[in-house]
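Under the numbering used here, the first residue of the sequence shown carries the number 1, and numbering increases by one thereafter.
Do not rely on the hints blindly, as some may be mistaken.
[Unchecked claim] Within a straight-line C-alpha distance of at most 25 Å, the following computed PhoX-like cross-link-like pairs (lysine-lysine) qualify:
1. LYS225 <-> LYS158
2. LYS114 <-> LYS225
3. LYS225 <-> LYS194
4. LYS136 <-> LYS225
[As the list claims (entries may be wrong)] Ranges between beta-carbon positions, derived for each pair:
5. ALA66 <-> GLN101: 40 to 48 Å
6. LEU312 <-> LEU64: 39 to 47 Å
7. ALA66 <-> ALA176: 52 to 60 Å
8. ALA29 <-> ARG71: 33 to 41 Å
9. LEU64 <-> SER198: 16 to 24 Å
Please keep in mind that the hints were generated in silico from the structure rather than gathered at the bench. For each residue, glycine too, the CB sits at the ideal point set by N, CA and C.
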Amino acid sequence: MATAAKAPKGKTDTRSLLAEALLDGCDEAEMFQRLLAAGMSESKARYELSRAPKDPLFVAAKRLNARLGKRDWTLGIYGKLAAMDDRQTAIPTVDAIDPEQFFREFYYSNRPVKLTGLIDHWPALERWTLDYLEEKVGDAVVELQGDRDSGEDYEIAKTRHTRHVRMADVIRDLRADEVSNDFYITAYNDTTNKQALSALWSDLGDLPLLAEDGVANGFFWMGPKGTITPFHHDLTNNLLVQIDGRKHIRMVAAHHVAQMRNHEHCFSQWTAEDFDQAETESNTMPAMLECEIGPGEAIFLPVGWWHHVTGLDRTISMSFTGFARGNDFYSDYIKDTAF
1 MATAAKAPKG
11 KTDTRSLLAE
21 ALLDGCDEAE
31 MFQRLLAAGM
41 SESKARYELS
51 RAPKDPLFVA
61 AKRLNARLGK
71 RDWTLGIYGK
81 LAAMDDRQTA
91 IPTVDAIDPE
101 QFFREFYYSN
111 RPVKLTGLID
121 HWPALERWTL
131 DYLEEKVGDA
141 VVELQGDRDS
151 GEDYEIAKTR
161 HTRHVRMADV
171 IRDLRADEVS
181 NDFYITAYND
191 TTNKQALSAL
201 WSDLGDLPLL
211 AEDGVANGFF
221 WMGPKGTITP
231 FHHDLTNNLL
241 VQIDGRKHIR
251 MVAAHHVAQM
261 RNHEHCFSQW
271 TAEDFDQAET
281 ESNTMPAMLE
291 CEIGPGEAIF
301 LPVGWWHHVT
311 GLDRTISMSF
321 TGFARGNDFY
331 SDYIKDTAF
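Generate coordinates for the entire structure from the input sequences, incorporating the hints supplied.
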């Protein structure tokens with residue numbers, strides 16, 4: 001008979017164990033092993049499994065799990081069809097895209113696209129050197145994410161990592177040109193930085209994919225080579241525009257949510273290394289698309305799509321959500337986000 005390692009003796013919350021096992025898709029044999037691993041005797045485990053179907057909460061959880069299974073199956077259809085379509089197995093690149101083409105082929109279809117020729121006229125492309133930034137906003141106190149190396153949950157715990165420093169000090173650290181993920185000015189810091197960096201916004205030009213005030217409501221990003229934004233999805237469509245340096249983007253379609261180990265809010269427990277290892281070992285993982293953007297290039301990140309971003313160089317970027325079409329997908333977002 002199969003055995004399971006026993007946990008230290010103590011009171012076992014049987015209902016919680018069975019509920020977790022059920023939500024994890026365990027069959028009766030697997031539930032039995034979990035109860036044994038929790039320190040329960042075989043006779044007690046068999047008894048609890050025999051009475052579980054009479055528990056109204058267990059029955060309700062089983063029905064809910066079946067409904068989720070049906071929903072996952074339905075979403076899986078999109079993944080299988082996408083794998084058959086050459087247009088969806090890579091991120092396309094379109095130069096000087098017409099706005100109507102963008103909305104018709106990508107925005108409404110929830111498909112990513114790399115865009116070139118959008119911001120060639122922006123003064124920021126030439127001006128935003130470290131010397132220029134120090135001259136224009138060096139004395140400004142900016143907000144950033146700091147001490148990120150102190151915890152693996154730095155992206156979830158963004159508030160804990162909020163720091164306020166002089167822009168000149170940030171630039172000094174960037175001049176060292178060291179590989180680091182320890183500090184990063186991100187969109188999360190926009191409330192402070194919108195005003196602190198206001199002298200820079202006149203260096204941005206128009207962007208026809210956005211509403212009239214879309215550029216003015218952009219988000220500033222700046223960090224060293226080696227910054228990592230772990231897998232997550234946004235609650236809006238986003239346009240990430242590169243001003244300086246290169247970024248590598250990994251993306252997974254929204255319909256693969258059931259495979260993304262989404263444990264909290266919009267975050268995934270998968271790492272880039274998990275995907276690389278899975279490819280080596282031929283494990284079953286959701287299909288991942290990749291691309292690289294450099295100065296003057298942009299990537300459209302559709303709402304719900306999982307993405308992981310790595311700074312290949314020292315980078316400066318702007319991101320935008322103020323599209324010329326509706327982009328409110330957050331107002332009806334679920335309130336309980338501990339999964």
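task: With respect to the beta-carbon atoms only, verify the hint that LEU312 and LEU64 lie 39 to 47 Å apart.
output: For LEU64 against LEU312, whose Cβ atoms are near 43 Å apart, the range 39 to 47 Å holds.
query: Does the hinted range 33 to 41 Å hold for ALA29 and ARG71 at CB?
result: violated (25 Å)
message: Please check whether ALA66 and ALA176 have a Cβ separation lying inside 52 to 60 Å.
response: Holds: the Cβ-Cβ distance is about 56 Å, inside 52 to 60 Å.
query: How does the Cβ-Cβ distance of LEU64 and SER198 compare with 16 to 24 Å: does it lie in that range?
result: Violated: the Cβ-Cβ distance is about 50 Å, outside 16 to 24 Å.
- prompt: Are LYS136 and LYS225 close enough, with their CA atoms no more than 25 Å apart?
  reply: Measuring from Cα to Cα gives roughly 23 Å; hence the hint holds.
query: Does LYS225 pair with LYS158 here, judged by a C-alpha cut-off of 25 Å?
result: This hinted pair holds, its Cα atoms lying about 20 Å apart.
message: Just to be sure I understand the hint, the distance between the Cβ atoms of ALA66 and GLN101 should be within 40 to 48 Å; is that true here?
response: holds (42 Å)
query: Are the Cα atoms of LYS225 and LYS194 separated by 25 Å or less?
result: At roughly 23 Å apart (the allowed maximum being 25 Å), LYS194 and LYS225 satisfy the hint.
Restraint check for LYS114 with LYS225, where alpha carbons must lie at most 25 Å apart: The hint holds at about 21 Å.
This entry does not satisfy hints 8 and 9, going by the numbered hints stated previously.
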